[in-house]
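K.L.:
In case you want the letters, here they are:
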Amino acid sequence: MVHLSDVTKYYGKKRALGPVSFEIERGDTVGFLGLNGVGKTTLLKILACGLRPSSGTVTIDGLDILDEPHEVRKRVGYLPELPPVYGDMTVGDYLNFAGRIRGLTPEAVARRVPEVEEYARIAEVHDMPTRNLSQGYRQRVGVAQAIIHDPDLLILDEPTHDLDPVQIMEMRGMIRALKDSHTILISSHILPEISQTCDRLLILNDGEIVASGTEAELGDTLLRSRGMVVTVRPGGHAGVGASTGVGGHAGGDRDAGGDADTGGDTDAAAQTAIDALERVIRSVPGVTGVRLPDRPARAIAAAGALTIRVYGEADVRAPVCRSLVEAGHDVIGLTRAERELERVFVELVGRAEA
Amino acid sequence: MGATGIIFRREFGAYVRSPMGYIVAAVVLLLDGILFYTQALGPRAGEFLSGEVLMRFFYNASGLTAVAAVALSIRLIAEERAAGTQLLLNTSPVRDWEIVLGKFLSALAFLSAITVATLYMPLMILVNGKIAFGHIVVGYLGLTFLGAAVLSIGLFSTALTRHQLVAAASASMITGTLFLLWPLSQIVGPPLSRVFAALAIHGRHWAGFQQGLFHLRDVVYYVALTYFFLYAATKVMEAKRWE
Chain A
129 MVHLSDVTKY
139 YGKKRALGPV
149 SFEIERGDTV
159 GFLGLNGVGK
169 TTLLKILACG
179 LRPSSGTVTI
189 DGLDILDEPH
199 EVRKRVGYLP
209 ELPPVYGDMT
219 VGDYLNFAGR
229 IRGLTPEAVA
239 RRVPEVEEYA
249 RIAEVHDMPT
259 RNLSQGYRQR
269 VGVAQAIIHD
279 PDLLILDEPT
289 HDLDPVQIME
299 MRGMIRALKD
309 SHTILISSHI
319 LPEISQTCDR
329 LLILNDGEIV
339 ASGTEAELGD
349 TLLRSRGMVV
359 TVRPGGHAGV
369 GASTGVGGHA
379 GGDRDAGGDA
389 DTGGDTDAAA
399 QTAIDALERV
409 IRSVPGVTGV
419 RLPDRPARAI
429 AAAGALTIRV
439 YGEADVRAPV
449 CRSLVEAGHD
459 VIGLTRAERE
469 LERVFVELVG
479 RAEA
Chain B
-6 MGATGIIFRR
4 EFGAYVRSPM
14 GYIVAAVVLL
24 LDGILFYTQA
34 LGPRAGEFLS
44 GEVLMRFFYN
54 ASGLTAVAAV
64 ALSIRLIAEE
74 RAAGTQLLLN
84 TSPVRDWEIV
94 LGKFLSALAF
104 LSAITVATLY
114 MPLMILVNGK
124 IAFGHIVVGY
134 LGLTFLGAAV
144 LSIGLFSTAL
154 TRHQLVAAAS
164 ASMITGTLFL
174 LWPLSQIVGP
184 PLSRVFAALA
194 IHGRHWAGFQ
204 QGLFHLRDVV
214 YYVALTYFFL
224 YAATKVMEAK
234 RWE
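The listed protein sequences correspond, in order, to chains A and B.
Residue numbering for the first sequence follows the numbering used here, beginning at 129 and increasing consecutively.
Residue numbering for the second sequence follows the numbering used here, beginning at -6 and increasing consecutively.
With the rest of the complex left out, here is chain B (with noise of 0.2 Å):
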């Protein structure tokens, strides 16, 4: 095991040990649950067809799993900034990129193991009603890429500060403003409009996966913007490692 599954083996480690992991993925579940009952099981049940259901779950489950990735993300530099820690791995024979490659690993898991936690209820859908195995199973995908996209965008912000408040309103500052690109979108002309709508992270690139449309482009999209990020965060590792 390289230095990144070592690293992604504390990290993991510490969201299990911590009372951290265990809020984060509470609230995301029991918010998840809630929107679910409200929509497929409350009063409202039976209003929305089943693919209308399992629609509107991915497009809820997406909000919270992106601001559960910024609250999974802003501890991983941070912290060991703030607690000294960092001096540890700085003084190993250990490259950035793979402290920072390492500490996405663990919170992609962490929150992909919450993600999977969720799995119950489209599968509930399955009671009463009908739904495609294959809209499960790209919904979920896109949730994936989405987090470790946002995921990405708390490591670099983690990276640039010790206060994991200053990373939290730099990651949310990032992802609100990639959220609203969308919306301007439709508002704006065009070129911009073209622009803001190719680069917004929840408009045209997640609403294939909401429907459980597989395009290769919002794929490339997720995996360019979390790369960008990464590398971003690598960047700023290496010119604060010598500080």
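Just chain A, same shape as in the assembly (with noise of 0.2 Å):
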């Protein structure tokens, strides 16, 4: 359905994206997933005909997308990352339009206005101006635009953008829905926006393609990449607490700290402190990195606990939470940074350079 071949984009002497070569095969809904910037929105714009690459070859349909632009336009719906609606129509009215400039006869558009609004659930808000609705019906409603013609292939940037999360599941239900009749191209940041919708996942980053397979294949490439975060509250044995003067369970007296006559040993001690926590978690096996806030010493004066990133070639929750209680800590809070996607850009990254 879709062929690229070592497609690039330059704006000037800046590459954007490429050269990225894959295919996708009619039926597939595939994520494109990257941090902002590294060249989701423009190759997403160059599939559905707006933006001419500098070099490679695109094709959809078995239609080359510079030799036959009219043809494929008829074949794919697009959703921009903010709605191309016009402020002064009304929903109704917008669709119509977006219907017929599409190549839909009038019979066909009062035909499948009805049934586009039924299916983003827009229908009550047919008669209201475009310019009147919220961000999340503006979405809906720019989903609808992208589907009015029935497309072979729907190209949908970043549509889950500035949805709340209720609204966010909204939106997922209703691309699980196109599923079966369209070939779906998505763009995200977010991992799991994506994840649970796409079949399978093309990484970009700098502007190329750094990894690519369904989530079983990338999930050990994925799931090694995953830190923790962990928020500690310093005290114990180790005397954290009490040197910092802050939190703890060894008792340790706020106002102490902020004692002015004391305060630069304090901030020595709660440093001194701090190394010591940071090496317990560096010494636990399998732990590759650890990245503590801008500030560490005033993290704790102001919530008498520090949150701390941890990083590991494996799950590394366990034996880090039993090193830090073993050390005297207390483990207050521990989440899996599953969407830590820098991370996981750093590591694909690093092994694509490699």
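Simulated from the structure, these hints should not be mistaken for laboratory data.
This list has only true hints and no planted wrong ones.
Keeping only pairs whose Cα atoms sit at most 27 Å apart, straight-line, the calculated BS3-like set for lysine-lysine is:
id: 1; chain 1: B; residue 1: K233; chain 2: A; residue 2: K202
id: 2; chain 1: B; residue 1: K228; chain 2: A; residue 2: K141
id: 3; chain 1: B; residue 1: K233; chain 2: A; residue 2: K141
id: 4; chain 1: A; residue 1: K307; chain 2: A; residue 2: K202
id: 5; chain 1: B; residue 1: K228; chain 2: A; residue 2: K202
id: 6; chain 1: B; residue 1: K233; chain 2: A; residue 2: K142
With the hints as a guide, dock the two chains, each given alone in a separate frame, to form the complex.
P.N.:
Written out as structure tokens, the structure reads:
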């Protein structure tokens, strides 16, 4: 259905994309995952015939996008990151216009508008000017305009952009319902958003695809890269709480820590304790990295606890937790940083460069 | 209805739905009315012959039509670029000339509606005066041709940018230059004077319409000017469509 071969895009001398090559089969739902600015929108715009690649070939349904853009555009439905809605038109008029401009007859549009409105659950705002719609409704209207002509290929650029959690769930449901009848390309910078709806993921970084595969195939890579966020209240027999004068079951007194006369000594002691805490975590087998807040001593003074990101080759939650407790610290929070895409990319890019 | 017709309907609807269209119409009609009053109905009434009043009316209306044409055209593409709706057109199976033509015709239709709304003024001359009906028809044809030419300049300007102010400045500069060519042609010697006079948008080519004289060469001039800028706008659209 979609075939890209050595596609690049340059803005002046700056490379925004590529070279990228991949194929997408008819009926697939593929997610493009990457941080902001890595080339996702550029890639999707090229596929939607909205941007000319600097080099390489792109064919959709066997048609070259540069040779036969008119025919390709009939087969593609595109939702940009910001829905292209005319604020002065009502939802019904806008969908009518979008359908007609994509080549539908007046009869076909009259039939399709109620269908897509029902599908996108926007029938209740049919007569409302699009400028008065909430962001959630605007996104839904954007999806409705993209599918009004029942395209073979549906391209959704960040379809959950600026949506609240309930709206995100609704949007996921809409996309799942479209999977049976369309080839779908979705971009996002949030892993769970597309891993739950896509059959296959392509991970972009710096304009290149650094990993691709099904969620299961990428699982090992992603899991290895996943980190954890541990919230620790320094204390116990390591003497951190006492020395910093804050928090901890050793019963440190917050006021003592704030004493101006002893402030300098306290800061130094707190830093020593934080260093010791970091050493404890780093000594755990499997831990590959530890990231502290910018001003850890101030964080302890303010919250009585320290939130630390820990990265490991494998799941290191249990050994890290055990080591911290054995060292006399309280572990008051522990979550898996599954959305730490930045770290995933660092590892993937490092591997790609190697 | 082809893509041109679909875009025409959308754009004409946008003029009707937005305050901009009404503001332009109100200002043009108000100023036309004031100027007509001062020359035909006010204290100076009776100073001029009926035919002269009509010529003065068309002269004033030509300037206001040109200004209105710039005001109506600058939003046509720049606004789409700024709002991101251009992406809908760019990724739809619509050709650039269809977009340009649809937008041009919608602006021309709205401008013509404003122009037609001034018709009561020349008709009022008939109450106490005598004018040729053909003079009115030719004068309004001239306003339409002049308006179309300036609209095409505005469309070309708005195709260049996403900022309406930049488009307005560009359209005003081009139109202003074409207006200035006529007085310039009176100052410089030949052969430049002949070139300037032939290219001037509001001199020799306009004078005939104002006087109720229909010359084919004037029609050809305005049609050629309109075609040139619409063609240029289409080329700009083609160049920018893939950006």
